[in-house]
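K.L.:
Model the full structure from these sequences, guided by the hints.
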Amino acid sequence: MLLDVRNVIRMRTISLAGAGSLALAGAAMVHSAQAPQTTPNAQTPGAPVVTSPQAGGSAQAVSTFGALVQKSGLNIVVLDAAHGGTDPGARGTGGIRESEIVLDLATQVRRALELAGFQVVLTRLGNENPSFDDRSAIANAQRGAVFVTLHISSTGLPGTVRVYVNSDLAAVTDSNGLIPWDRAQAPFLGLSRKFGDLVQGMLVQRFKGSPDAALAAGVRQLRTTAAPAIAVEISSIVVEDRAELDRMAPSVADAIARGAAAFKPSYVVANVPGTLP
Amino acid sequence: MTPRWKFMVVAGLIFVVLGAAIYFPILRRRVRRAARQQQQSEEQARRELAQPITVNPGDPRVKTKLFWASDAMDSTLVPVTVELPLANDPVVRSKQVLNTLLAGPVDAELRTLPPDAVLLAFYLMPDGTGIADFSEALATSVPSGIASEQLAVDSIARTLEANVPQVRWLRILIHGQEVETLAGHLDLTGAFVVATRPAAAPAKPAVAAASAEKAPAAAPASTPATLTPEKAPGKLAQPERKP
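Heads up: the sequence lines are chains A and B, in that order.
The first sequence begins at 13 in our numbering and counts up one residue at a time.
The second sequence begins at 4 in our numbering and counts up one residue at a time.
To be clear, the hints were calculated from the coordinates, so they are not data collected in a lab.
Where hints are given, some of them may not hold.
As the list claims (entries may be wrong) - Facing chain A, a subset of chain B residues (Cβ under 7 Å, in silico): (1) Asn-59; (2) Met-76; (3) Ser-147; (4) Ala-150; (5) Gln-153.
From a predicted model like this one, the values you see are computed outputs, not experimental measurements.
A virtual CB, placed ideally from N, CA and C, is assigned to each residue, including glycine.
P.N.:
Here it is, written out as structure tokens:
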């Protein structure tokens, strides 16, 4: 089932009976005449998956514009396992693929976040490769969410982890007051830096040699994300045995969960209908 | 068949065999030569197409700062000073320093750009935006990752900043095309800041090119403890899909 969202001004909660219940809520504001088509079928591969501690961690698929119980403040973490599908990401000499490792890592991070009381939205569950914009759209449809994209580097000191926030972006709005999609991160840069520094602070306690604070880089995935957003990159894919990276996963997951918990009191979402975040 | 016909057939066969024995080695040499020519990679072909950089011995030799990796395991850059004859023309000068950067340092482990990457063209716009067009090898051979891709772009931007003051912004094309990322991570859709001196912004907003530096402070001292977005974002435009 395809949902053509062209020319839609605002979508509110809609319940569809039959092929599963679909909730559309929040403020999906469409500006472009070439807005993406969304496939809000729960059976569709690539649909974002939402889990919550209340649901006991069981996965539940919703649409890209799927709504969760909206509360003021941070309660949702959108987890993005980078790459996937035809894009394996960084490749190690032993056939290790970044796309596979980050998918396993996302599972562990999800568990740690749920234990900390967060709802978790995954941008992919299997070997799919949603576009950058599709991944951002999942985060942008949430309210009170942060975005974490997981990566493995090709270089760097093995056993270290870096957190990146987007480089400075000029915040611009058009004449209608809309924020251009490709500058969606701009209003959130301060929050992203705060969130990134907190997570990096947790990581450096567990992985010596990691930076003390988040770094800035022009990460494509972060630029279109309208939420506090960070990229976590583990060094590196060149390890001889994948087990070395797997051993890092629990500590990385714990650091991200603790960083998100520490960030939560700092993040207050304006309770204005029709606005993001 | 008469003995005369038998003789003619045998003679004809002998003639064909002798002709083949002479011609086959020639044919084999031609096939091998053609195969060697086919083995020439597309990258080599592009090297030949790329405009050669004229090195004028009459150009003044100046101390040139080239930025390579400080350590094979580190993601920071250090300047290496070499003396090069550099032209005064900013476009030629940019090509000269970038080609030297591509040639790499003495220690190959400190390279920031892949050895098979080629600078195909360099343009300088009136607003100071330098457009560097590299071969596909820059995207396909650079190590995939945020750190390594940012290091590659930083090395280009900082080398231009140190040696070609006319270049204020940098845009990178791959084989003449604008691409979304360098190797899956680093955003190449915007312009990178090269010169920090005040200047008019280019047509597209810029992305800072400084990964190794710490991100600016999370919040200034005067910022209240509770953070909210710097500006109420209001509504978000949807992405434009390219056909």
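K.L.:
Against this structure, judge whether each hint is valid.
P.N.:
Evaluated hints:
1. For Asn-59/B, the interface hint is violated, since its Cβ never comes within 7 Å of a Cβ in chain A; the closest pair sits about 36 Å apart.
2. The closest approach between the C-beta of Met-76/B and any C-beta of chain A is roughly 5 Å, which is under the 7 Å cut-off, so the hint is satisfied.
3. The restraint placing Ser-147/B at the interface with chain A holds, with a minimum CB-CB distance near 4 Å, inside the 7 Å limit.
4. Hint on Ala-150/B holds. Least Cβ distance to chain A is approximately 5 Å, under the 7 Å limit.
5. Here the hint on Gln-153/B is kept, as its CB sits about 5 Å from the closest CB of chain A, short of 7 Å.
Of the numbered hints stated above, the single one contradicted by the structure is hint 1.
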